[in-house]
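Asks: Chains as they are written, first to last, in the numbering used here: chain D, 1 to 563; chain Z, 1 to 198; chain Y, 1 to 314.
Hints listed in this document are in silico derivations from the structure and should not be mistaken for laboratory results.
Possibly wrong hints are sitting among the right ones.
[To be verified] Derived DMTMM-like pairs: lysine to aspartate or glutamate, alpha-carbon spacing no greater than 25 Å straight-line: (1) Z:K47 with D:E248; (2) Z:K47 with Z:E62; (3) Z:K47 with Y:D87; (4) D:K547 with Y:D87; (5) Y:K132 with D:D468; (6) D:K547 with D:E562; (7) D:K295 with Y:E101; (8) Z:K47 with Y:E101.
Listed here are the chains, written in short residue letters.
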Amino acid sequence: MTGSIPFDPRVLRAPHPVPGAPDNWKRFFSFNTDAKVIGIQYMVVSLFFLLVGGLLAMIVRGELITPPSDLVDPTVYNGLYTMHGTVMLFLFLFPILNGFNNLLIPPMIGAPDMAFPRLNAAAFWLVPVFGVLLMASFFVPGGPSSSGWWAYPPVSTQNPLGHLINGQFLWILAVAISGVSSIMGAINFTTTILRMRAPGMTFFRMPVFCWTAAAAQTIQLIGLPSLTGGAIMLLFDLSFGTSFFKPEGGGDPMLYQHFFWFYSHPAVYVMVLPVFGIFSELLPVYSRKPLFGYKVVALASFAITFLGLIVWVHHMFYSGTPQWMRNLFMVTTMLISVPTGIKVFAWLGTIWRGKLRLTTPMLFCLGGVVNFIFAGITGIMLATVPIDIHVGNTYFVVGHFHYVIFCTITFGVFAAIYHWFPKFTGRMFYEGLGQLHFWLTFIGSALNFLPMHWAGLMGMPRRVASYDPEFALANVLASLGAFLLGVATIPFLLNMVSSWARGPRAPANPWNAIGLEWLLPSPPPAENFEHDVPTVIAGPYGYGLGKPLVADQDRFIARSEEA
Amino acid sequence: MTTANSAAPSPAAEHPHGGYNLTGFIIFLCSESIIFLAFFAGFTVLKLSSPVWLPDGVEGLEVRMPLINTIILVSSSFVAVLAEKALHHRALWAFRGWWLLTMLMGAYFVYGQYVEWSELAFGLGSGVFGSTFYLLTGFHGLHVITGILLMGLMLLRSFRPGNYDGGEAGVASVSLFWHFVDVIWIILFLLIYVWQRH
Amino acid sequence: MTPTLPRPSRPSAAGLLLIAAGLFINLLISLAMARASHGWMPVQASSAAPHVDGLFALETGIGTFIFLGCISVIIWTLLFNRAPRYDLVDGDPIEGNLRLEIVWTVLPFVLVMLIAAHTIRVNHTLATLGGKERVAENGAAPALTASDRAPGTTFGPIEVIARQWSWEFVYPNGVRSTELHLPLERRADLRLTSMDVLHSFYVPAFRLKQDLVPGSVIRFALTPTREGRYRLRDAMFSGGYFATNQTDVVVQDPETFDGWLAEAARQPLTEAPNLALELHRQRLADGDHGWATVPPAPPPRVNVTTAVDAPHEA
């Protein structure tokens, strides 16, 4: 297995990774239908846009480090924070989660690929398309969309310069294309999980990540069309003279809010559910104990799906909603803490009396769980109507949702990247750099987002380019934390690039984990198990039980270590 | 619970990808129906809450022509079923005939919609009534046109030898789409043309 | 990967004592946090504020208790459940505990439902939100007099008009102002409307916020309980110079307030100074660099304007 063996040129040109062969990088730039290639494509594109969104955040925090609006013009600030949110959500978070779905779902269930490989590739290639569209909006006259990632009318339909092609128009188009890409993915992922599981893998032998992926993609299927509908109506109001949301034509701006949040609240569960799945996968591995209460944790995913679809008005408690509606949605919102709490307590039960190994993935998991408990508590506060009336649309909310999106979800994303990096690249990453990345990120994010809660309680609104001097201290701390987070990206990028290029070769199962993907070589061949699919004979988290996961397990282990 | 399974055939060989097409398409249709549901909800809310509904000079919508169009469109669904039955018995020319008839009925519907649009006294910019009317009927019309195009594709494919060896999932899917478009129209018709009191 | 027998699950007497002590300390810290939470809020200047702060303190206390409880479990495992360095043997194959799972499903359910029920009662007590009426044209409502006052209120109605980017308040006697003065301990009836886009009426010291929706008039009632000058901020993003859309609320005892109102009625109408307009003029003078924004709406013509640099309490 050294470089002295000459490789058959057909191997070098193969469209899929061949264990032991030097990587054929061209396949990542083509319309490749292998889910593992598409998964890496999603990951790299999303990480690029994480940097773009992060750069925008640096400028935003640079403006906010002092009370007056003195770094950029307020109109530029409005465009920057809008694009920060939009890029982070639609070009980083959703694509990277689809990347994980592509990489993880087929091997975890013993499938060769996704149900619709060409649809899969098409869904990916839409991402750079709408990414370019969104970046192009920076350069049209008038600048990019500057109405917040919510794009509430009437502000978003004001179109001050009167051009047909303006930043808001391109924004709506990009979001619509993103929706099409996501729906294509959702059809693929749900069909694959429903129909392509290995023999013996009943639903209650399926890893929790696949449960949460299925639950999340179900939300996409039900919720995204509402956003698409709202976006179409917004586009028509903006460009074609309609009056859906224009009071002077008989329309109502409140209608947009309902359309928007009917999707965008469940959207946060689309983002967090896979990360719950990641925590549920990693904690057993690094505690060497079964997942506590696996069946209930799996079912709780769908409880979250169902409840997540009936809470959206909690984003509109101080808006034009009547009191009875506010009370009703407060009750449903509070209910969602129950299945979420079940998962959190299950994770605690998993690590309790375990045998913990504090590797980088485990650190990010534990950090993510700790952060999530805090974020969940501020979530209950926001669900309480009178408290939300005071802190809604202030930095308290900004702090809360960054605690979820960054301190929980992105921590989970990092944990998953480190955990499955050896499997899909065939290389081990450098643990020291990983630990450095974790500590800088944990401290930076706490410094960045904790002070925001205090500023919000004292009454600082969100989305402001300038603020009253009494909020200065909180903002200085937050900006310092943000700059630290910027620095934290450096060890991460260094680790990823140098480990993939020249890290030590990874074995098939570096973490001694239980799961079908760990019975494959690192990296797995195209079509994963190919013609020799294992039959699953046990549940997914059999740590300490001493029983094999699949029939004839030793043969699969031997095969995976051959390569 | 077999213990020795050294060469189980892979799922790819047992279930060719064509077997999943219908599942995927049904999932897609469920999702697509929600966008129409969203538009229906929006229409209803706007109609019930707007202080101004009909634009000046507009008394209401004429129902007779749209009713005829409705009857033709809904009937075309039954014709499509006849086509599917013929295909099931592999009577290819009967299938093609009924299928083409479905397409023609759909095309007539689109033409009828165009005629109606050209005779209306209000436009997209005529307040919330014009906005919702054209959005709903236009979005639906786009789906009818897409259905006709998909049917055309199925018609062309029917000339390929051995096209139906792996099953009729393509025709079944497009037929399902056509029925879906019909059901959407029925709801639309009731909301826009029948429910005209304010 | 040899299996090990799970250890007996009942903790020893020492363990129970430790847990009890931990719970007690947790309770003390949670109570302290709940009390401290009042210090994180601005002064209480309305009848709603004590209710909001009370709810917040309750949830801070409960939240601290849950957070510290969970964190102690994690810290315990980090301290005492680490795998020895080269030990690859699995841990206990504990797959669940039905009784525990039922407890941690039912208990949170009961807790949040109790909080929700209590909050619904608080909402009813506050009763700040009135009706919402769609209007055919922005600002076409006829001039309001004291006889239009909503039931349950003892002052007003005051029309609150938000624009890009200014606030205007119209009193029942016709006085127009860019600064909201309110008499102490009178329940004020406010009619909120916007002339262009969504805005939000937010006074942190009152703990109250309500969006202003163009094309609608929303009724809102509140009772100020403390004299002073407090910030009123637009909390719903409303375009270019949204951050400058702030003014003050001045709560005065009824005699001082009446004096202010009478004096204001004698002032002529003048165009109010407007920060957004100044900034926009400056931008145009500097060459109009920056991204698109609608020009600021003409500032309102009012009898009294804001004391621009007067220090506010919250």
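Asks: Against each hint, give a clear statement of whether it holds in the structure.
Replies: These are the hints, each one checked on the structure:
no., hint, result
1, Z:K47 with D:E248, "holds, 15 Å"
2, Z:K47 with Z:E62, "holds, 18 Å"
3, Z:K47 with Y:D87, "violated, 70 Å"
4, D:K547 with Y:D87, "holds, 19 Å"
5, Y:K132 with D:D468, "violated, 32 Å"
6, D:K547 with D:E562, "holds, 23 Å"
7, D:K295 with Y:E101, "holds, 11 Å"
8, Z:K47 with Y:E101, "violated, 48 Å"
In terms of the numbered hints stated before, the structure departs from hints 3, 5, 8, listed from lowest to highest.
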